[in-house]
Amino acid sequence: DTGVSQNPRHKITKRGQNVTFRCDPISEHNRLYWYRQTLGQGPEFLTYFQNEAQLEKSRLLSDRFSAERPKGSFSTLEIQRTEQGDSAMYLCASSLSMGRRAAGNTIYFGEGSWLTVV
Amino acid sequence: AQSVTQPDIHITVSEGASLELRCNYSYGATPYLFWYVQSPGQGLQLLLKYFSGDTLVQGIKGFEAEFKRSQSSFNLRKPSVHWSDAAEYFCAVGERNAGNMLTFGGGTRLMVKP
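Residue numbers (this note's numbering), protein chains in the order written: chain A, 1 to 118; chain B, 1 to 114.
With the rest of the complex left out, here is chain B:
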């Protein structure tokens, strides 16, 4: 069965600083990979996704992520964080052969200092 690990439960960065959120997955084949963001009490918004092709994917709000097969990782990055980026971020892996069911990591809560 697939699994997703987000090693950092909380991260605090200063506004304007760069950001990297870590995600490691376990999956027997080439996965579909996703990053979602969730504001308090709200649903999930898709930031970006990887299916195939270029391993560096661009998303909304200036985010990007890089798929590294050798490291089983899909880390999320942003060069300059804005205060509005404070939220919970979830990495997820999707099954290619069954219904797009997603397995999520435990999430990383991002706090932004002024």
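Just chain A, with the same shape it has in the complex:
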């Protein structure tokens, strides 16, 4: 399978604990995105990387959230001191784009990582 891969698919954690999600994009895709989706809503943009550089961050990405893409390949999204409001599906996506300006290339999504904070 050469699609976007996310792990773990499901995570239940106690409030206050830290969690980390991993995303492996499609090979050779230079852009990687994180979105969050709550029940009954559309996905909301969190952040994106061009290679290893984090170029945009949404105001939704509070200081408890940190994303990295150290070698320009896989990415991790860490949530510290989780709160019940963090319960959502975290979607990773990737695309192949040339330059910072969008060329309109297709963005491919993974199957998401479900987080439940109890």
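It is worth saying that the hints were derived from the structure and are not from the lab.
Treat the hints loosely; a few may be bogus.
SDA-like cross-link-like pairs, simulated, lysine to any residue; straight-line CA separation at most 20 Å [claimed, not checked]: (1) B:61 to B:72; (2) B:68 to B:113; (3) B:49 to A:105; (4) A:14 to A:84; (5) A:57 to B:1; (6) A:57 to A:30; (7) B:68 to B:112; (8) B:61 to B:88; (9) A:57 to B:3; (10) B:61 to B:22; (11) B:113 to B:40; (12) B:61 to B:86; (13) A:11 to B:41; (14) B:68 to B:28; (15) A:71 to A:52; (16) B:49 to B:62; (17) B:113 to B:8; (18) B:61 to B:84; (19) B:49 to A:96; (20) B:61 to B:12; (21) B:113 to B:15; (22) A:11 to B:40; (23) B:49 to B:73; (24) B:61 to A:106; (25) B:61 to B:16; (26) A:57 to B:2; (27) B:49 to A:106; (28) B:49 to A:44; (29) B:61 to B:112; (30) B:61 to B:83; (31) A:11 to B:83; (32) A:57 to A:72; (33) B:61 to B:80; (34) A:71 to A:11; (35) B:49 to A:97; (36) A:71 to A:51.
Guided by the hints, dock chain B onto chain A, whose structure is given.
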């Protein structure tokens, strides 16, 4: 800032009937427009996209959408719905000048009656 509105939260159609899902967007320039489909508990699959040129775009699974600038709309259509089309459908607008970030609508859940 751009926004996307999908006025219909739920739609139910009979199998074999035609389908139209509405999408209205707000964006200061000519947008990139997308329709994605999501099955329960799954990620998003791209159905079709509009960047420029012909305003009627064809997608996978027999879907098509028409970009109407004057109405700021990008409605999704299918002439004959199959039971397997039951899913959640999301319209999205992409920013032309920054990273392909997508803004999604709230989604329309499609149910198909036998």
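Hints and how they fare:
{"no.": "1", "hint": "B:61 to B:72", "verdict": "violated (25 Å)"}
{"no.": "2", "hint": "B:68 to B:113", "verdict": "violated (30 Å)"}
{"no.": "3", "hint": "B:49 to A:105", "verdict": "holds (10 Å)"}
{"no.": "4", "hint": "A:14 to A:84", "verdict": "holds (9 Å)"}
{"no.": "5", "hint": "A:57 to B:1", "verdict": "holds (15 Å)"}
{"no.": "6", "hint": "A:57 to A:30", "verdict": "holds (17 Å)"}
{"no.": "7", "hint": "B:68 to B:112", "verdict": "violated (27 Å)"}
{"no.": "8", "hint": "B:61 to B:88", "verdict": "holds (15 Å)"}
{"no.": "9", "hint": "A:57 to B:3", "verdict": "holds (18 Å)"}
{"no.": "10", "hint": "B:61 to B:22", "verdict": "holds (18 Å)"}
{"no.": "11", "hint": "B:113 to B:40", "verdict": "holds (17 Å)"}
{"no.": "12", "hint": "B:61 to B:86", "verdict": "holds (12 Å)"}
{"no.": "13", "hint": "A:11 to B:41", "verdict": "holds (14 Å)"}
{"no.": "14", "hint": "B:68 to B:28", "verdict": "holds (15 Å)"}
{"no.": "15", "hint": "A:71 to A:52", "verdict": "holds (6 Å)"}
{"no.": "16", "hint": "B:49 to B:62", "verdict": "holds (14 Å)"}
{"no.": "17", "hint": "B:113 to B:8", "verdict": "holds (17 Å)"}
{"no.": "18", "hint": "B:61 to B:84", "verdict": "holds (10 Å)"}
{"no.": "19", "hint": "B:49 to A:96", "verdict": "holds (16 Å)"}
{"no.": "20", "hint": "B:61 to B:12", "verdict": "holds (18 Å)"}
{"no.": "21", "hint": "B:113 to B:15", "verdict": "holds (6 Å)"}
{"no.": "22", "hint": "A:11 to B:40", "verdict": "holds (17 Å)"}
{"no.": "23", "hint": "B:49 to B:73", "verdict": "holds (13 Å)"}
{"no.": "24", "hint": "B:61 to A:106", "verdict": "holds (17 Å)"}
{"no.": "25", "hint": "B:61 to B:16", "verdict": "holds (14 Å)"}
{"no.": "26", "hint": "A:57 to B:2", "verdict": "holds (16 Å)"}
{"no.": "27", "hint": "B:49 to A:106", "verdict": "holds (8 Å)"}
{"no.": "28", "hint": "B:49 to A:44", "verdict": "holds (19 Å)"}
{"no.": "29", "hint": "B:61 to B:112", "verdict": "holds (15 Å)"}
{"no.": "30", "hint": "B:61 to B:83", "verdict": "holds (12 Å)"}
{"no.": "31", "hint": "A:11 to B:83", "verdict": "violated (32 Å)"}
{"no.": "32", "hint": "A:57 to A:72", "verdict": "holds (17 Å)"}
{"no.": "33", "hint": "B:61 to B:80", "verdict": "holds (11 Å)"}
{"no.": "34", "hint": "A:71 to A:11", "verdict": "violated (25 Å)"}
{"no.": "35", "hint": "B:49 to A:97", "verdict": "holds (16 Å)"}
{"no.": "36", "hint": "A:71 to A:51", "verdict": "holds (8 Å)"}
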